[in-house]
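K.L.:
Sequence:
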Amino acid sequence: MIRKKITEESFVNGIILKYFLYNPMFRIYIIPILLVIYMSASCHSYIITSVNNLEIFIMQDIKSNTPGRLISLYLLFILTHYFLTFLSECLFSVYLQCTVVENFKIHTSEYIALHHNDYHSLGSGKIHTIIERRTKGITDLIELIIMNGYWNFIFIYATYCRMYEKISLSVVGFNIIILICYFIFCGISSVIIKRRREVANADWNECSNRIYGVLNNYDVIKSYNNDTLEVAKLNEKCSSLEESYFKFDTYCNVSTFIQKLMTLLPNSIIIYLVLTGRGFSVLSDFGKLSLYHKLVMSLKNNMESFGKNILRFTQTYTDVKDSSLVGLHLDNNNEEKKILKFNQQIEFKDFSLFIKDNLLIKKLNLIINKGEKVAIVGKNGSGKSSLVKTLLRFYDYEGEVFIDDIKMDEISVTSQRDLISYIPQNPYIIEGTVLENLKYSNKKITNREIKDLCIEFNTHDIFAKLQDGYLTNVGESGKFLSGGQKQQVSFMRGVIKNADIFLIDEPTANLDTLAEKELINRVFTKLTDKTVLLIIHNFEYLKKFDKIIGFSKQEVKIYKNYEEFIIDSDLY
Numbered sequence: 001m002i003r004k005k006i007t008e009e010s011f012v013n014g015i016i017l018k019y020f021l022y023n024p025m026f027r028i029y030i031i032p033i034l035l036v037i038y039m040s041a042s043c044h045s046y047i048i049t050s051v052n053n054l055e056i057f058i059m060q061d062i063k064s065n066t067p068g069r070l071i072s073l074y075l076l077f078i079l080t081h082y083f084l085t086f087l088s089e090c091l092f093s094v095y096l097q098c099t100v101v102e103n104f105k106i107h108t109s110e111y112i113a114l115h116h117n118d119y120h121s122l123g124s125g126k127i128h129t130i131i132e133r134r135t136k137g138i139t140d141l142i143e144l145i146i147m148n149g150y151w152n153f154i155f156i157y158a159t160y161c162r163m164y165e166k167i168s169l170s171v172v173g174f175n176i177i178i179l180i181c182y183f184i185f186c187g188i189s190s191v192i193i194k195r196r197r198e199v200a201n202a203d204w205n206e207c208s209n210r211i212y213g214v215l216n217n218y219d220v221i222k223s224y225n226n227d228t229l230e231v232a233k234l235n236e237k238c239s240s241l242e243e244s245y246f247k248f249d250t251y252c253n254v255s256t257f258i259q260k261l262m263t264l265l266p267n268s269i270i271i272y273l274v275l276t277g278r279g280f281s282v283l284s285d286f287g288k289l290s291l292y293h294k295l296v297m298s299l300k301n302n303m304e305s306f307g308k309n310i311l312r313f314t315q316t317y318t319d320v321k322d323s324s325l326v327g328l329h330l331d332n333n334n335e336e337k338k339i340l341k342f343n344q345q346i347e348f349k350d351f352s353l354f355i356k357d358n359l360l361i362k363k364l365n366l367i368i369n370k371g372e373k374v375a376i377v378g379k380n381g382s383g384k385s386s387l388v389k390t391l392l393r394f395y396d397y398e399g400e401v402f403i404d405d406i407k408m409d410e411i412s413v414t415s416q417r418d419l420i421s422y423i424p425q426n427p428y429i430i431e432g433t434v435l436e437n438l439k440y441s442n443k444k445i446t447n448r449e450i451k452d453l454c455i456e457f458n459t460h461d462i463f464a465k466l467q468d469g470y471l472t473n474v475g476e477s478g479k480f481l482s483g484g485q486k487q488q489v490s491f492m493r494g495v496i497k498n499a500d501i502f503l504i505d506e507p508t509a510n511l512d513t514l515a516e517k518e519l520i521n522r523v524f525t526k527l528t529d530k531t532v533l534l535i536i537h538n539f540e541y542l543k544k545f546d547k548i549i550g551f552s553k554q555e556v557k558i559y560k561n562y563e564e565f566i567i568d569s570d571l572y
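Using the UniProt record's numbering, read the sequence shown as starting at 1 and increasing by one per residue.
You may find that some hints are simply not true.
[As the list claims (entries may be wrong)] Under the rule of at most 25 angstroms between Cα atoms (straight-line distance), these lysine-lysine pairs were calculated in the BS3-like manner: (1) K379 - K363; (2) K105 - K126; (3) K560 - K530.
[Claimed, not checked] Okay, the calculated beta carbon distance ranges per label pair: (4) N225 - D529: 50 to 56 angstroms; (5) I176 - N253: 53 to 59 angstroms; (6) E398 - E476: 54 to 60 angstroms; (7) D568 - K465: 41 to 47 angstroms; (8) G187 - R27: 52 to 58 angstroms; (9) L76 - L234: 58 to 64 angstroms; (10) R27 - D512: 54 to 60 angstroms; (11) K444 - V231: 48 to 54 angstroms; (12) F246 - K479: 16 to 22 angstroms; (13) V101 - N13: 18 to 24 angstroms.
Think of the hints as simulated: they come from the structure by calculation, not from any bench. For every residue, glycine included, the Cβ atom is placed at its ideal position computed from N, Cα and C.
Go ahead and model the full structure; you've got the sequences and the hints to work with.
P.N.:
Pasting the structure below:
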């Protein structure tokens, strides 16, 4: 089937729509926030004027303004500015905290939607790092755009208005030219810094993935006393990280230094021309020169802040866009046929399967009828689990697979998975209670129905005898359960889903002999009307199955009964 490929999103689609306009909290809070910031930034320029008037009064004893009026105006503007700043920060804080969880959901959903191969090509460690970095990045980006960038823009605009009103248009024009040159430099430097950030992020992802692998294999590392070896390998893997971040920080620091010079030197020239009488005579008046100096110094601080924000914007935008998703494929196009029931048979025609260009299964022809119990045997790595996962649509294949005479690649992925109860070799246990884990496959089932099913399948006592019974907290990845208890939870979760097809991958791996025998018996006594594909290593139970599929060196053989199989049993 042709899977939808993820393409590069534009700034509008990738940022403005996804994180702003589609967010209901943004639509609620944005107008009040922008309005309050506008008033706060405007007040700041009036504070500068008030301070200048106070200085002139002290030096020249201006009689037209009483000191009480000047001080009152100063206090009014500064208190209003502080209050509006406080109010904008409160409003923005509420909005921002509401968006953090929303952004986590957006980013997690993007990676869960990936096709199985592409998801595992990235690795869960790398994905976890990217999700955290992108979520922090978009949070910083929102703050930069609204609280910093917008505030700086309004302040610069208000300051130019005051400069035009109190001084002259020529002075404003000169400063606008400086501002344009400043922004051009910021734009050029941001492109260079963006490239350095992408390199640094890639090195960070590799280092993080390695750390995740070390932590995930703690037991094995300790059992072989390989602590030092793993740290040494980590150091080797992450050696490029130090260099890439050094270059990135160096570019940022040099850019910041040049930005400061660009805001300071031109206006130093203006003041020199005024003091020597060679230009800008409008500033020869002390009051205007003093006001201009204060406005320029405030502009300088805000332009430097604006420049830093542009650099930070480049960094955070790179973090958000550096998703590693472009070119990968989605799991489901949602355009295929939906099937609600499995009625007849599954058929493989000239089915071949490659995993990372390695041929696992070659030209398989097989029919599995509804209700049949099929055993799958073979050595590790022979393709047993891969065949099962193909029915879950995790892998692409060559040849054809039919479900009830409908080509599998024409069937909706989600509807096909709804027909399947999958019980993996390594049970996936979610954090929460035993009951929540059992309900994971069927959200509509009642607690009473779950208990009845557990009694029927002889697992009720296993769960009831736990510390808090079915409400026992299993801990992260089921750490409070034994291997056998996890396996029983996984098996019952498949039973509770009550799908037409059961795909069971070595369900007895963590069970003792008695529990293993009981579980196999349940397949034949309780799942009588279900179609079951069961991967198994214990040949003792093969007599019960309708078919036996043997995997050996890319070849797959179909045995109609145990007697046929036992002749070739040495192959498996």
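K.L.:
Would you pick out the hints that fail for this structure and give their numbers low to high?
P.N.:
Of the numbered hints given earlier, those the structure breaks are 5, 6, 8 and 12, listed in rising order.
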